[in-house]
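**Student:** Could you build the full structure based on these sequences and the hints that come with them?
Protein chains: 2
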Amino acid sequence: MPSVLELTEGVLQGDTTLLARAITLVESTHQDHQQKSYEIIENCLSKQTQSIRVGITGVPGVGKSTFIESLGTSMTALGKKVAVLAVDPTSSLSRGSILGDKTRMPLLANDSLAFIRPSPSGDSLGGVARKTRESIVLCEAAGFDVVLIETVGVGQSETAVHSMVDFFLLLKLAGAGDELQGIKRGIMEMADAVVINKADGANLKRALRAKSDFERALHLYPPKENSWSPRVLTCSALENRGITEIWDLIEDYVKLTGENSSFQKKRKSQNKYWFLQTVERLLTQGFYQNSEVKKEISDMTRKVEINEISPFRAAEELLTAYRRQLK
Amino acid sequence: MPSVLELTEGVLQGDTTLLARAITLVESTHQDHQQKSYEIIENCLSKQTQSIRVGITGVPGVGKSTFIESLGTSMTALGKKVAVLAVDPTSSLSRGSILGDKTRMPLLANDSLAFIRPSPSGDSLGGVARKTRESIVLCEAAGFDVVLIETVGVGQSETAVHSMVDFFLLLKLAGAGDELQGIKRGIMEMADAVVINKADGANLKRALRAKSDFERALHLYPPKENSWSPRVLTCSALENRGITEIWDLIEDYVKLTGENSSFQKKRKSQNKYWFLQTVERLLTQGFYQNSEVKKEISDMTRKVEINEISPFRAAEELLTAYRRQLK
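Protein chains in written order, with this note's numbering: chain A, 2 to 328; chain B, 2 to 328.
Hints in this document: simulated from the structure, not taken from any laboratory.
Among these hints, one or two may not hold up.
Pairs count within a copy or across copies, as identical chains cannot be separated in the list.
As a list, the in silico DSSO-like pairs of lysine-lysine whose alpha-carbon atoms are at most 27 Å apart [as the list claims (entries may be wrong)]:
id, residue 1, residue 2
1, 304, 269
2, 273, 304
3, 37, 304
4, 304, 256
5, 256, 266
6, 48, 266
7, 295, 266
8, 304, 266
9, 304, 212
10, 273, 295
11, 48, 256
12, 328, 296
**Tutor:** Right, dumping it as structure tokens:
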């Protein structure tokens, strides 16, 4: 394994082989690897970049891979460097990533301006999300202009991805009947654009009807603080139509939010969120590794299990033992 | 407000007015109220009960209210006392609970053997789930034989409810086309029974077809550790058909898992989970209330926001300051 210095220099020079190895350190569960990955990230942090982070979500079957392939190649055609990352907490459960698989995006996978990385595995959404967030910093330091972050349209992974991107895109199908679900689950509220995919052939008419349905639905929300009005577009990733319009829209967004400073404001608040998430993770780790906690916890657990003590009382007592030990 | 002693005695005597007030303490964000609620729970904990906790999930539109009304009244008809609680983290976002609303269950709401409590509000799923778990203990101490816990079929609230019930029931519609989603999201894996609702009129044939589809799908999973084979049933909550069969099934489950001790084993592991959740919550709370943390955190946050320091380094430094202060 190359040294921290070699990896840092490799990343900063845009060497994708060393970038991939640095991300492997980020994804490792070994403490030594994690420490090294933090050093690399720290070294990369000061590099000023102008990247754009785009989150893409949609339920299975909506055509995410084809869409990302189409959007990605339209950007590399403009000379932009595109990284594709993923947050898929289900991939660790199913023991195989369903996202980020290079065979799903054959054109991008063979594009020298593109870099595709499957979803990291992890025992929790928090772990998976953290690894992806750290990989974003490395990709940007390696000179990628655009980072696309894909997620499955189920569960809280969308909220996690929303908290690490500049622009959040919701991919939909016409007539899938899940409009209400998107609204109920708060996804619609997070979207900066709703894109209705597979607007081709016999489906075109329905797609246009869905477009006005979604536009009406978006009107129900109060205006966003950054003064951006979410837009609804249709596209056919398969026929490669409507794709450049999406990229134009994202650039409009970057321009508007750059001018009114909300772009930087959002990044700042995301950094803060990430900081607090890390604090809480380390705090918990330190707690469970504490010798007094290690000593007491199994006896406490036994008592809790048989209702001899309530979980609350037991938790309070364990914390008291922990704090006494720290002194 | 009655005293802790009065509330405890009221709960233990099955007084639903005092039970409701005790739950109000559980749901309160005031520290004083929380402390009181812990004392009441502690007092109630030693009471031996034979209750059954049933989780019920299903996407909006599947007919959960009518189903719970139908299942609940079939149980009160047998003389059983039924409590209905809910975990709906979206209710705090939409500023109004969509679950547990008494007008949705007019028969149960007017049934002297039933107790309905809407979903508590909270700033997070964790908070909402904790409050409901604590309310379960109180309902059981008050003599309720069955506690039905309803949740929306979206997001991680299902996992939370699954972690607090003995039996987990997934409510479905025929031909809703979301079979794959249930599988992908791991809900099917958690289900002890899949019930296809609205199996009536013109829908009956489709419901029977869906039944064999789900049975086939369930066969794909490895046998459960507790040796229970999840079953698929059809019912019409509206016409009140197939409901007693569901209750029979739940009793079969309780019998089987009681005999092979997995019922108690599951409760124990849920108690443990609850204990560790509480530990982590209190640990985090204590951290943010620490004077050194309070002093340092805003300066740290500012540096993190402008990328002067990485979130990881900042988190490490803040924890060092915290531990130094504790000594």
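**Student:** Next step is simple, just say for each hint if it's right about the structure.
**Tutor:** Outcome of the hint check:
1. 304 to 269: The answer is between: 10 Å across copies meets 27 Å, while 45 Å in one copy does not.
2. 273 to 304: Answer is between: at 9 Å across copies they meet the 27 Å cutoff, but 39 Å inside does not.
3. 37 to 304: Between copies, since 22 Å is at most 27 Å while 40 Å is not.
4. 304 to 256: Result: close only across copies, 25 Å inter versus 59 Å intra.
5. 256 to 266: For residue 256 and residue 266, only the intra-copy Cα distance (14 Å) is at most 27 Å; the inter-copy one is 58 Å.
6. 48 to 266: within (19 Å within a copy, 53 Å between copies)
7. 295 to 266: Answer is between: at 23 Å across copies they meet the 27 Å cutoff, but 42 Å inside does not.
8. 304 to 266: between (48 Å within a copy, 14 Å between copies)
9. 304 to 212: neither (57 Å within a copy, 43 Å between copies)
10. 273 to 295: between (31 Å within a copy, 15 Å between copies)
11. 48 to 256: Answer is within; shortest intra-copy Cα gap is 21 Å, inter-copy 64 Å.
12. 328 to 296: both (17 Å within a copy, 20 Å between copies)
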